[in-house]
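J.: Chains as they are written, first to last, in my numbering: chain A, 1 to 428; chain B, 1 to 329.
To be clear, the hints were calculated from the coordinates, so they are not data collected in a lab. Quick caveat: nothing in here was measured; it's all calculated off a predicted structure. Hints are not guaranteed to be accurate.
Keeping only pairs whose Cα atoms sit at most 30 Å apart, straight-line, the calculated DSSO-like set for lysine-lysine is [claimed, not checked]: (1) B/Lys84 - A/Lys229; (2) A/Lys136 - A/Lys392; (3) A/Lys85 - B/Lys84.
Coverage of chain A stretches by chain B, computed from C-beta distances (three or more under 8 Å per stretch; other residues unrestricted) [what the hints assert, rightly or not]: (4) 76–87; (5) 247–259; (6) 263–271; (7) 394–402.
So, partial list: chain B residues that the calculated Cβ filter (under 7 Å) puts toward chain A [claimed, not checked]: (8) Asp189; (9) Gly274; (10) Ala278.
Ideal Cβ positions, reconstructed from N, Cα and C, are used throughout, including at glycine.
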Amino acid sequence: MPPKSRHAIASMATLALVLSGCSSGGSGGDASGPPSGDVRILSWRLADPGALGKLHQSWIDSFNQSQSAIKVTGEPVPFADKGTKLVNTALSGSAPDIVAITTSEVANYANYLQPVDEYWQAEGADFASAFTDSAKELATWDGHLWGIPIEDGTSDALYYNKKVLAKAGVDIETAVASWDNFRSALQAVKASGNTPMVFQGKDAASFERHWAWYVAGGVDLNDPDQYVKQMCTPAAEQTFAWLTGLYTDGELVPNPSGIGYNELNRQFATGNVGFVTDGPWGLGIFEGNNAAIGADLGVTRMPPKEAGGRTGANEDALIFVIPKNAKNPRAAWEFIKYMSTDQAQEASAEAGGFVPTRKAVFQSPAVADNDLLATYSKLIEESGFVRPRGPKMAEMMQILITAYQAAVTGQKPVGTAFRDACGELERL
Amino acid sequence: MDDSHSAAPGVAAAGAAVHHAAGRPSSPTPTRRSRSRGRLGASLRLRLVFFGPLLVLMAGLLGFPILFALYGSFADVNNLFSLKFAGLTNYESLLSRPDTLSGPFLNTLRFTFGSVILSLAIGLGAALVLNGRLRGRRLFRSAFMLPWVVPTVVTALLWRWIMDSNAGALNGILLQLHIIDEPVSWLGDPRIAPWIIIVAQVWRGFPFIMVMLLAALQTVPAELQEAASVDGAGPLRRFVSVTWPGIRPIFILVGTLEGLYAFREFATIDVLTGGGPAGATEVLATQVYRLFFQYHRFGDAMALAALMFVLALVATVFLMRLAVRDEEA
Numbered sequence: 001m002p003p004k005s006r007h008a009i010a011s012m013a014t015l016a017l018v019l020s021g022c023s024s025g026g027s028g029g030d031a032s033g034p035p036s037g038d039v040r041i042l043s044w045r046l047a048d049p050g051a052l053g054k055l056h057q058s059w060i061d062s063f064n065q066s067q068s069a070i071k072v073t074g075e076p077v078p079f080a081d082k083g084t085k086l087v088n089t090a091l092s093g094s095a096p097d098i099v100a101i102t103t104s105e106v107a108n109y110a111n112y113l114q115p116v117d118e119y120w121q122a123e124g125a126d127f128a129s130a131f132t133d134s135a136k137e138l139a140t141w142d143g144h145l146w147g148i149p150i151e152d153g154t155s156d157a158l159y160y161n162k163k164v165l166a167k168a169g170v171d172i173e174t175a176v177a178s179w180d181n182f183r184s185a186l187q188a189v190k191a192s193g194n195t196p197m198v199f200q201g202k203d204a205a206s207f208e209r210h211w212a213w214y215v216a217g218g219v220d221l222n223d224p225d226q227y228v229k230q231m232c233t234p235a236a237e238q239t240f241a242w243l244t245g246l247y248t249d250g251e252l253v254p255n256p257s258g259i260g261y262n263e264l265n266r267q268f269a270t271g272n273v274g275f276v277t278d279g280p281w282g283l284g285i286f287e288g289n290n291a292a293i294g295a296d297l298g299v300t301r302m303p304p305k306e307a308g309g310r311t312g313a314n315e316d317a318l319i320f321v322i323p324k325n326a327k328n329p330r331a332a333w334e335f336i337k338y339m340s341t342d343q344a345q346e347a348s349a350e351a352g353g354f355v356p357t358r359k360a361v362f363q364s365p366a367v368a369d370n371d372l373l374a375t376y377s378k379l380i381e382e383s384g385f386v387r388p389r390g391p392k393m394a395e396m397m398q399i400l401i402t403a404y405q406a407a408v409t410g411q412k413p414v415g416t417a418f419r420d421a422c423g424e425l426e427r428l
Numbered sequence: 001m002d003d004s005h006s007a008a009p010g011v012a013a014a015g016a017a018v019h020h021a022a023g024r025p026s027s028p029t030p031t032r033r034s035r036s037r038g039r040l041g042a043s044l045r046l047r048l049v050f051f052g053p054l055l056v057l058m059a060g061l062l063g064f065p066i067l068f069a070l071y072g073s074f075a076d077v078n079n080l081f082s083l084k085f086a087g088l089t090n091y092e093s094l095l096s097r098p099d100t101l102s103g104p105f106l107n108t109l110r111f112t113f114g115s116v117i118l119s120l121a122i123g124l125g126a127a128l129v130l131n132g133r134l135r136g137r138r139l140f141r142s143a144f145m146l147p148w149v150v151p152t153v154v155t156a157l158l159w160r161w162i163m164d165s166n167a168g169a170l171n172g173i174l175l176q177l178h179i180i181d182e183p184v185s186w187l188g189d190p191r192i193a194p195w196i197i198i199v200a201q202v203w204r205g206f207p208f209i210m211v212m213l214l215a216a217l218q219t220v221p222a223e224l225q226e227a228a229s230v231d232g233a234g235p236l237r238r239f240v241s242v243t244w245p246g247i248r249p250i251f252i253l254v255g256t257l258e259g260l261y262a263f264r265e266f267a268t269i270d271v272l273t274g275g276g277p278a279g280a281t282e283v284l285a286t287q288v289y290r291l292f293f294q295y296h297r298f299g300d301a302m303a304l305a306a307l308m309f310v311l312a313l314v315a316t317v318f319l320m321r322l323a324v325r326d327e328e329a
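With these hints in hand, go ahead and build the complete structure from the sequences.
T.: Next up, the structure:
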């Protein structure tokens, strides 16, 4: 062999060795032995500068200290970018081992994830029975379990400002008895010189705050295969018209087309707004905008359409999932389990006011003694429904919010906007 | 001016060789011909040495991604980004719902033409003012550049804050001046929002045009202006007959560039309105993003991106030819 060729082969072999040594960052462990190796977790919670972010980071630290076989590294990602990051890393073959998403997003990203039914089964019946039925339902899509959900919650509770209502002479129990009563309360607040309510309608994500009104209006959103059919029923059209009317009939809410989540929080936190819907995390955000507002706020259920009727509370949780081409899924599962223990969920309930997904935690002081959490737990128990989800949900919500914006801003008559949206939904 | 005077020695030698050959129809002696070839070869090698690395870099950074993306629009990318050839499937899927494209296409045209026309008008006006005798001219030149040096997303966030329906600066001023009674949802109104994004784009884009046109204005000989004045030409006549011919090629160039920037603009629109309300500000660029990252319809997104590329290419070639023809004239 000529010296040049030998030299080239030797160089390539060296390069291959070097690359193999630093490519995966861990062995992934022996498939038959106990899980070990490096685990990389991509989580928006780690990007949270508040108590929850610190809590999630502490889980990584304590897990790493508790054993030496698995080393977890956290990577913070902004909430809005988590999906893009998951898809990009999955497509480029550099997926992390764990990604934090929400349970309603599982259907969107199922193509890039691996089901974890066998891990659940391997843990035994006691492990599965420790979780609430609704938690398991949230983690299930297309007949498979996709991870372990924690930090359950709903955004469908009604925050009200006691001072604003008092000035308008509004009694909260009467106000939330029915849609008609609620509308009268909004009118009273308007007449007293304050803003009755802020309502989101700026982007597709805003539609998550609309679902509960549709459920209260008589739309059944329990079967993903029936979403389109249900959202085109007369009950849905009446709800669409009612929600549109909150702006068009006397501006009981500021133009929702310009209100996204940040605007919603800022406006409500000014202290001159009567109502807003938000999750338990909302309180901290309002106080972040206006430290003094907490004492003025109360929280209750949303109004049913008719007195005594049903209300809705769309339920969604954080779920840790394992991408399809994760390098170390077994070790990833071990850390996912660690983040969903009773102790971890008690800490989550304390730090963020989230409803636990393990039954035993409901008895803990962190949950039982927390009034805000008790309100949300009751709402989920009585009115909870799985937040609508599906592979085409992003398009569906875009169509619905565009129709809503068109009707609210007078681009189209309400009926036309609704029918056009239904036409588009049926073509999906 | 004779090109060979200003060109690099190698180029001049090559040019001289070509001229020489053209000027003498009879075959040169073999010695002269081989000397010319030798010079030509040396010149080519020199060019390759200087331009080769740049060409490789451009092929890698520009050529490959463009060709890859164009190929991707014909591949089965919906299947976890498989690169298996799929013919026109993606284009058929994209064009099967023309209603989802017509709105963004018309919005793109409005945004592009609106922002280019306004940017050119303001940029030209500012350049003319700064080219004259103005006290504090240097200060103004620097101040006008500010919007251009600020990152696009920061500019967009700034405009979002100004236009905020609740705590926005514009509403605050108008309320204090009693021009409005209650806050206006500037970005929530489909009749107003498209114009807000145009204003934001113009604010960011006009300084570049101003600087380029200012440079062009400074190449127009002052003697010509003075001669025209002596001949009795007024300001408008001087502009039309002296200034405009001098800056027209640059005007077309910056107009084309600004048009391209506006055509593919994403950040400003995404931050300000996200394509809403009611789709009033949804443009092709935001539609590509939505198709790709939100709906995961990769094939449709790549087909639309490829169509955008072709449209931009055709428009650029047309305008550049116009500029070249202008220069030649």
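J.: All hints are to be evaluated individually against the structure, with a verdict given for each.
T.: Okay, the hints, checked on the actual structure:
1. B/Lys84 - A/Lys229: Status violated; Cα separation ~36 Å.
2. A/Lys136 - A/Lys392: holds (22 Å)
3. A/Lys85 - B/Lys84: holds (24 Å)
4. 76–87: holds (count 3)
5. 247–259: holds (count 6)
6. 263–271: holds (count 4)
7. 394–402: The restraint on the segment 394–402 of chain A holds, since 5 of its residues have a Cβ under 8 Å from chain B and three suffice.
8. Asp189: holds (6 Å)
9. Gly274: holds (5 Å)
10. Ala278: Holds: closest Cβ of chain A sits about 4 Å from B/Ala278, inside 7 Å.
Hint 1 from the list above is the single one not met by this structure.
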